[in-house]
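> In order, the protein sequences belong to chains R and Z. Just so we're aligned: the first sequence equals residues 236 to 342 in the numbering used here. Just so we're aligned: the second sequence equals residues 236 to 342 in the numbering used here.
These are computed hints drawn from the structure, not numbers from a lab. Every residue, glycine too, gets a C-beta built ideally from N, C-alpha and C. Keep in mind that a hint or two might mislead.
Cross-link-like lysine-lysine pairs, in silico, DSBU-like; alpha carbons within 30 angstroms at most [said to hold, decoys possible]: (1) Z:LYS241 with R:LYS277; (2) Z:LYS291 with R:LYS267; (3) R:LYS244 with R:LYS268; (4) Z:LYS275 with R:LYS267; (5) R:LYS241 with Z:LYS316.
Heads up, incomplete: computed chain Z residues facing chain R, CB under 8 angstroms, no partners named [what the hints assert, rightly or not]: (6) CYS262; (7) ILE269; (8) ASN290; (9) ILE322.
There are 2 protein chains.
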Amino acid sequence: MMRDLKWSKTEKQIAKKAFEKAYERECGDLAKKIQSEAEKIKVPPDIWRLQHFLNKKVREIDNKYDYRYSVLILMFARLIKDGWLMIDDLKGLGQEKIDRIAALLNS
Amino acid sequence: MMRDLKWSKTEKQIAKKAFEKAYERECGDLAKKIQSEAEKIKVPPDIWRLQHFLNKKVREIDNKYDYRYSVLILMFARLIKDGWLMIDDLKGLGQEKIDRIAALLNS
Numbered sequence: 236m237m238r239d240l241k242w243s244k245t246e247k248q249i250a251k252k253a254f255e256k257a258y259e260r261e262c263g264d265l266a267k268k269i270q271s272e273a274e275k276i277k278v279p280p281d282i283w284r285l286q287h288f289l290n291k292k293v294r295e296i297d298n299k300y301d302y303r304y305s306v307l308i309l310m311f312a313r314l315i316k317d318g319w320l321m322i323d324d325l326k327g328l329g330q331e332k333i334d335r336i337a338a339l340l341n342s
Numbered sequence: 236m237m238r239d240l241k242w243s244k245t246e247k248q249i250a251k252k253a254f255e256k257a258y259e260r261e262c263g264d265l266a267k268k269i270q271s272e273a274e275k276i277k278v279p280p281d282i283w284r285l286q287h288f289l290n291k292k293v294r295e296i297d298n299k300y301d302y303r304y305s306v307l308i309l310m311f312a313r314l315i316k317d318g319w320l321m322i323d324d325l326k327g328l329g330q331e332k333i334d335r336i337a338a339l340l341n342s
């Protein structure tokens, strides 16, 4: 279980920093996509298309960035899989945590 | 009551054309606002702000552009009030209809 993991003060700082880094990266990427889609609006249905795209992405981000220690390992594995974080961004976390993340990445 | 008004074939064509003109204008204006807001995105909360703005505007447009003959007079009055249509765009409608729209505009 992920819930049994203890997070030291340093690990919490590393986790928080990695979380914020991934969040900034993903939101920055989304901002660029919104700008690109907005520029392409030519007819009214393009507005509705952008609305659906934006709502979907915002919902995804809201669901994904869940900073509870019980789900942090799963979230980091997903962020790495999706390309928003590298395992190196988590350097300093205990080996057990890194191993669990690596195991999820290989699963 | 608005429901008692009869619409001739010509009046229906004029109404439809005015409806589409206002819709194109308002959507075109919204597209420009979206592009301008998208360009201003600097931090993640700006994305959420744009999402709320877009959802609100799309809901407003969806509610407003209601092409039922029973509400057409009310809709045209509102479109003129909001600046998306001019009374001249409705030239060719029967005088009774024009009078009712004018009465709504002065109310």
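> For the hint on ILE322 (chain Z), does the least C-beta distance to chain R fall short of 8 angstroms?
This hint is violated: ILE322 (chain Z) lies away from chain R, its Cβ roughly 24 angstroms from the closest one there, beyond 8 angstroms.
> Need the status of pair LYS244 (chain R), LYS268 (chain R): alpha-carbon distance at most 30 angstroms?
Not satisfied, since the Cα-Cα distance of roughly 36 angstroms exceeds 30 angstroms.
> Please check whether CYS262 (chain Z) passes as an interface residue: C-beta within 8 angstroms of a C-beta belonging to chain R.
Cβ of CYS262 (chain Z) sits 4 angstroms from chain R, so the hint holds.
> Hey, LYS241 (chain R) versus LYS316 (chain Z), does the alpha-carbon distance stay inside 30 angstroms?
Violated, at roughly 62 angstroms.
> Is LYS241 (chain Z) close enough to LYS277 (chain R), meaning Cα to Cα at most 30 angstroms?
With a Cα-Cα distance of about 36 angstroms, the restraint between LYS241 (chain Z) and LYS277 (chain R) is violated, given a limit of 30 angstroms.
> Does the interface hint hold: is ILE269 (chain Z) within less than 8 angstroms of chain R, judged Cβ to Cβ?
holds, 5 angstroms
> Are the Cα atoms of LYS275 (chain Z) and LYS267 (chain R) separated by 30 angstroms or less?
holds, 11 angstroms
> Holds or violated: is the Cβ of ASN290 (chain Z) closer than 8 angstroms to a Cβ in chain R?
holds, 7 angstroms
> Verify the proposed pairing of LYS291 (chain Z) with LYS267 (chain R), using a straight-line Cα cut of 30 angstroms.
Distance ~22 angstroms between LYS291 (chain Z) and LYS267 (chain R) Cα, so the pair holds.
Checked against the numbered hints listed earlier, the structure breaks hints 1, 3, 5, 9; every other hint is satisfied.
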